[in-house]
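Take the sequences, apply the hints, and build the full model.
Sequence order for the protein chains is A and B. Residue numbering for the first sequence follows the working numbering, beginning at 1 and increasing consecutively. Residue numbering for the second sequence follows the working numbering, beginning at 1001 and increasing consecutively.
Hints may be right or wrong, so weigh each one.
Footprint (simulated), chain B over chain A, 3 or more residues, beta carbon under 8 angstroms [what the hints assert, rightly or not]: (1) 84-95; (2) 108-118.
No more than 30 angstroms apart at the CA atoms, straight line, and that leaves these computed lysine-lysine pairs for DSBU-like [what the hints assert, rightly or not]: (3) 1014(B) to 15(A); (4) 1062(B) to 1224(B); (5) 1092(B) to 1129(B); (6) 15(A) to 77(A); (7) 1025(B) to 1014(B); (8) 77(A) to 104(A); (9) 44(A) to 74(A); (10) 104(A) to 1149(B); (11) 1038(B) to 104(A); (12) 15(A) to 104(A); (13) 104(A) to 1025(B); (14) 1084(B) to 1025(B); (15) 1025(B) to 1149(B); (16) 1025(B) to 15(A); (17) 74(A) to 2(A); (18) 1084(B) to 1062(B); (19) 1025(B) to 2(A); (20) 1084(B) to 1229(B); (21) 1014(B) to 1092(B); (22) 1224(B) to 1014(B); (23) 44(A) to 69(A); (24) 1129(B) to 1062(B); (25) 1014(B) to 104(A); (26) 77(A) to 2(A); (27) 104(A) to 1041(B); (28) 1092(B) to 1229(B); (29) 1224(B) to 1092(B); (30) 77(A) to 1084(B); (31) 1014(B) to 1149(B); (32) 74(A) to 15(A); (33) 77(A) to 1025(B); (34) 1062(B) to 1038(B); (35) 1084(B) to 2(A).
Derived by calculation from the structure, the hints in this document are not laboratory data. All C-beta atoms in this analysis are idealised placements derived from N, C-alpha and C, irrespective of residue type, glycine included.
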Amino acid sequence: MKQILVVDDSPVVRKIARRILTDMEFDVAEAEDGSEALRYCSEKMPDAILLDWDMPIMDGLEFLQAFRKLPDGKSPKVVFCTAQNHQNSIMRAMTAGADEYIMKPFDEMILRDKLEQVGLV
Amino acid sequence: MQQQSFDALCAYLKRTSGLILDQSKQYLIESRVLPIVKREKLGGLADLVLILERGQNQSLAKEVVEAMTINETYFFRDRNPFDKFRDVVLPKLISARQSERSIRVWCAAASTGQEPYSLAMILDEMAHKMPGWRVELVATDLAEPQLTKARAAVYTQFEVQRGLSTAHLLRYFTQQGDTWQAIDALRSKVQFRQLNLLSDYASLGRFDVIFCRNVLIYFDVATKSDILKRMARILAPDGALFLGASESVIGLGTDFAPDTEHRAFHTRGGVGAALGQPIKTPVIGTAAAPVGGLAARPILPTPAAQSPLGSRIATR
Chain A
1 MKQILVVDDS PVVRKIARRI LTDMEFDVAE AEDGSEALRY CSEKMPDAIL LDWDMPIMDG
61 LEFLQAFRKL PDGKSPKVVF CTAQNHQNSI MRAMTAGADE YIMKPFDEMI LRDKLEQVGL
121 V
Chain B
1001 MQQQSFDALC AYLKRTSGLI LDQSKQYLIE SRVLPIVKRE KLGGLADLVL ILERGQNQSL
1061 AKEVVEAMTI NETYFFRDRN PFDKFRDVVL PKLISARQSE RSIRVWCAAA STGQEPYSLA
1121 MILDEMAHKM PGWRVELVAT DLAEPQLTKA RAAVYTQFEV QRGLSTAHLL RYFTQQGDTW
1181 QAIDALRSKV QFRQLNLLSD YASLGRFDVI FCRNVLIYFD VATKSDILKR MARILAPDGA
1241 LFLGASESVI GLGTDFAPDT EHRAFHTRGG VGAALGQPIK TPVIGTAAAP VGGLAARPIL
1301 PTPAAQSPLG SRIATR
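And the structure:
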């Protein structure tokens, strides 16, 4: 079973994502911000990360840049899932090493489709 | 969108038309019903539901139901047909058409444009293998409002996230406030025309590939057979017909048969034709611009000597 780490400071978003991803038979882990996610990944590397942008302590972009420098941080797929919906933000995220990008609000079909785009489904 | 209003509209549609919408169809309401709310200058979806519930405006009720029953479409729908078009059909046609240097594709149920633009993106990515070729992509639909939207190529945030990779979004679309519009270079690759599938196809000329997906389901058996027979007449003997994932040609005559190797598309049955056999294909119809790849957009690093996008766009 593949594991996805959901990184979002909103418990509601984490709950929705967990429900959808569990239905898709993923093992789901959660983190409230980038720093907590980074600590988690240092101990256990997930197969993929669903990543919010605007979070306290360490935001999604800062996390991604640090994450890709981890010894095993190059291969997991990272899908941004954020309300940062400007074209320039999307370009910044993709250039920083994101594999796909979801603009909130999202639904089950979009999440499934994006995970398919990166080869996880 | 208020969940309560969404639920109320779903309940109304189920009661009045038997249409069942789950949470995943929320985007359909956003893209199809909210424009009606805006046009009617209503305060929101809740106001529309109130009018519908009261039965005060039958024409409005009819319009909302029709808006929600229009066949669903999205970019690269079902993915597999587009993969087969790019990886199987197109390479064989490129090999078979070396002397004619011409390929014509007909998208017979263009709807709001997502399918023809998906094909246009693939053709653009393969343009380096067809330097100087005439490539025509003709897209037809019965409904003029759909064609108007298709020509404008303006899509909501939800619509551009359905089937479209972020790489394609950045490469071929420009953000305009809350919406995204296909760039001119992509739009200009598609010729949109109004056409009833029950009418004569002769004016369209001959095609190498026909996409007619998820539209035959609306016709009876005799009409389906007739449409397929007439499509066979304008499809090259070594051409390919793509139908919807749930559609088949079983019981609809012998004009087409599933490709023996790749069942994602159909070839002309009974003529022994197979993709890859060179044939003379007269070029009919309006002049097409040579394919040369869309204007370069300085977006992100791209893999060298490959398609303008490639499968990955970000370097690490």
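Consistency of the hints with the structure:
1. Under a criterion of three residues with beta carbons nearer than 8 angstroms to beta carbons of chain B, the stated coverage of the region 84-95 of chain A is upheld, 7 such residues being counted.
2. Counting residues of the region 108-118 of chain A whose C-beta lies closer than 8 angstroms to any C-beta of chain B gives 7; at least three are required, and the coverage claim holds.
3. A threshold of 30 angstroms between alpha carbons decides the hint, and for residue 1014(B) with residue 15(A) the separation of about 29 angstroms falls inside it, so the pair holds.
4. Straight-line distance between C-alpha atoms of residue 1062(B) and residue 1224(B) comes to about 27 angstroms, which keeps the hinted pair within the 30 angstroms bound.
5. Between the alpha carbons of residue 1092(B) and residue 1129(B) the distance comes to roughly 12 angstroms, so the proposed pair stays at or under 30 angstroms and holds.
6. With a C-alpha separation of about 21 angstroms, the suggested pair residue 15(A) and residue 77(A) falls inside the 30 angstroms cut-off, and the hint holds.
7. Between residue 1025(B) and residue 1014(B) the alpha-carbon distance is near 13 angstroms, which keeps this suggested pair within the 30 angstroms criterion.
8. Restraint check: the Cα-Cα separation between residue 77(A) and residue 104(A) comes to about 19 angstroms, which is no more than 30 angstroms; the hinted pair holds.
9. Simply put, residue 44(A) and residue 74(A) have alpha-carbon atoms about 14 angstroms apart, close enough for the 30 angstroms limit, and the pair holds.
10. Distance restraint check for residue 104(A) and residue 1149(B): the Cα-Cα separation of roughly 24 angstroms lies within the 30 angstroms cut-off, and the hinted pair is therefore satisfied.
11. Note on residue 1038(B) and residue 104(A): the hinted pairing holds, with a Cα-Cα distance of about 22 angstroms set against a maximum of 30 angstroms.
12. Annotation: proposed proximity of residue 15(A) to residue 104(A) holds, straight-line Cα distance about 15 angstroms (limit 30 angstroms).
13. In summary, the hint linking residue 104(A) to residue 1025(B) is supported, as the alpha carbons are separated by about 15 angstroms, within the 30 angstroms threshold.
14. With a CA separation close to 28 angstroms, the supplied pair residue 1084(B) and residue 1025(B) stays within the 30 angstroms bound.
15. The suggested pairing of residue 1025(B) with residue 1149(B) holds, with an alpha-carbon distance near 20 angstroms, which does not exceed 30 angstroms.
16. A distance of roughly 20 angstroms separates the Cα atoms of residue 1025(B) and residue 15(A); the hinted pair therefore holds under the 30 angstroms criterion.
17. Among the hinted pairs, residue 74(A) with residue 2(A) is consistent with the structure: their alpha-carbon atoms are about 17 angstroms apart, no more than 30 angstroms.
18. A threshold of 30 angstroms between alpha carbons decides the hint, and for residue 1084(B) with residue 1062(B) the separation of about 39 angstroms lies outside it, so the pair is violated.
19. Straight-line distance between C-alpha atoms of residue 1025(B) and residue 2(A) comes to about 27 angstroms, which keeps the hinted pair within the 30 angstroms bound.
20. Restraint check for residue 1084(B) and residue 1229(B): the C-alpha separation of about 23 angstroms stays at or below 30 angstroms, so the hint holds.
21. Proximity of residue 1014(B) to residue 1092(B) is assessed by CA-CA distance (about 47 angstroms); at most 30 angstroms being required, the pair is judged violated.
22. Of the pairs offered as hints, the one joining residue 1224(B) and residue 1014(B) holds, with about 29 angstroms between alpha carbons and a cut-off of 30 angstroms not exceeded.
23. Of the supplied pair hints, the one linking residue 44(A) and residue 69(A) holds, its CA atoms being roughly 15 angstroms apart against a limit of 30 angstroms.
24. For the hint linking residue 1129(B) to residue 1062(B), the alpha-carbon distance of about 48 angstroms lies beyond 30 angstroms, and the restraint is violated.
25. Between the alpha carbons of residue 1014(B) and residue 104(A) the distance comes to roughly 28 angstroms, so the proposed pair stays at or under 30 angstroms and holds.
26. Of the supplied pair hints, the one linking residue 77(A) and residue 2(A) holds, its CA atoms being roughly 11 angstroms apart against a limit of 30 angstroms.
27. Proposed proximity of residue 104(A) and residue 1041(B) is supported: the alpha carbons are some 26 angstroms apart, at most 30 angstroms.
28. Under the criterion of a C-alpha separation no larger than 30 angstroms, the hint pairing residue 1092(B) with residue 1229(B) is consistent with the structure, at around 24 angstroms.
29. Of the pairs offered as hints, the one joining residue 1224(B) and residue 1092(B) holds, with about 28 angstroms between alpha carbons and a cut-off of 30 angstroms not exceeded.
30. Restraint check for residue 77(A) and residue 1084(B): the C-alpha separation of about 25 angstroms stays at or below 30 angstroms, so the hint holds.
31. For the hint pairing residue 1014(B) with residue 1149(B), the CA-to-CA distance comes to about 27 angstroms; that is within 30 angstroms, so the pair holds.
32. Note on residue 74(A) and residue 15(A): the hinted pairing holds, with a Cα-Cα distance of about 27 angstroms set against a maximum of 30 angstroms.
33. Of the pairs offered as hints, the one joining residue 77(A) and residue 1025(B) holds, with about 27 angstroms between alpha carbons and a cut-off of 30 angstroms not exceeded.
34. Of the supplied pair hints, the one linking residue 1062(B) and residue 1038(B) holds, its CA atoms being roughly 17 angstroms apart against a limit of 30 angstroms.
35. For the proposed pair residue 1084(B) and residue 2(A), the alpha carbon gap of about 28 angstroms is at most 30 angstroms, so the pair holds.
Checked against the numbered hints given earlier, this structure breaks hints 18, 21 and 24; the rest are met.
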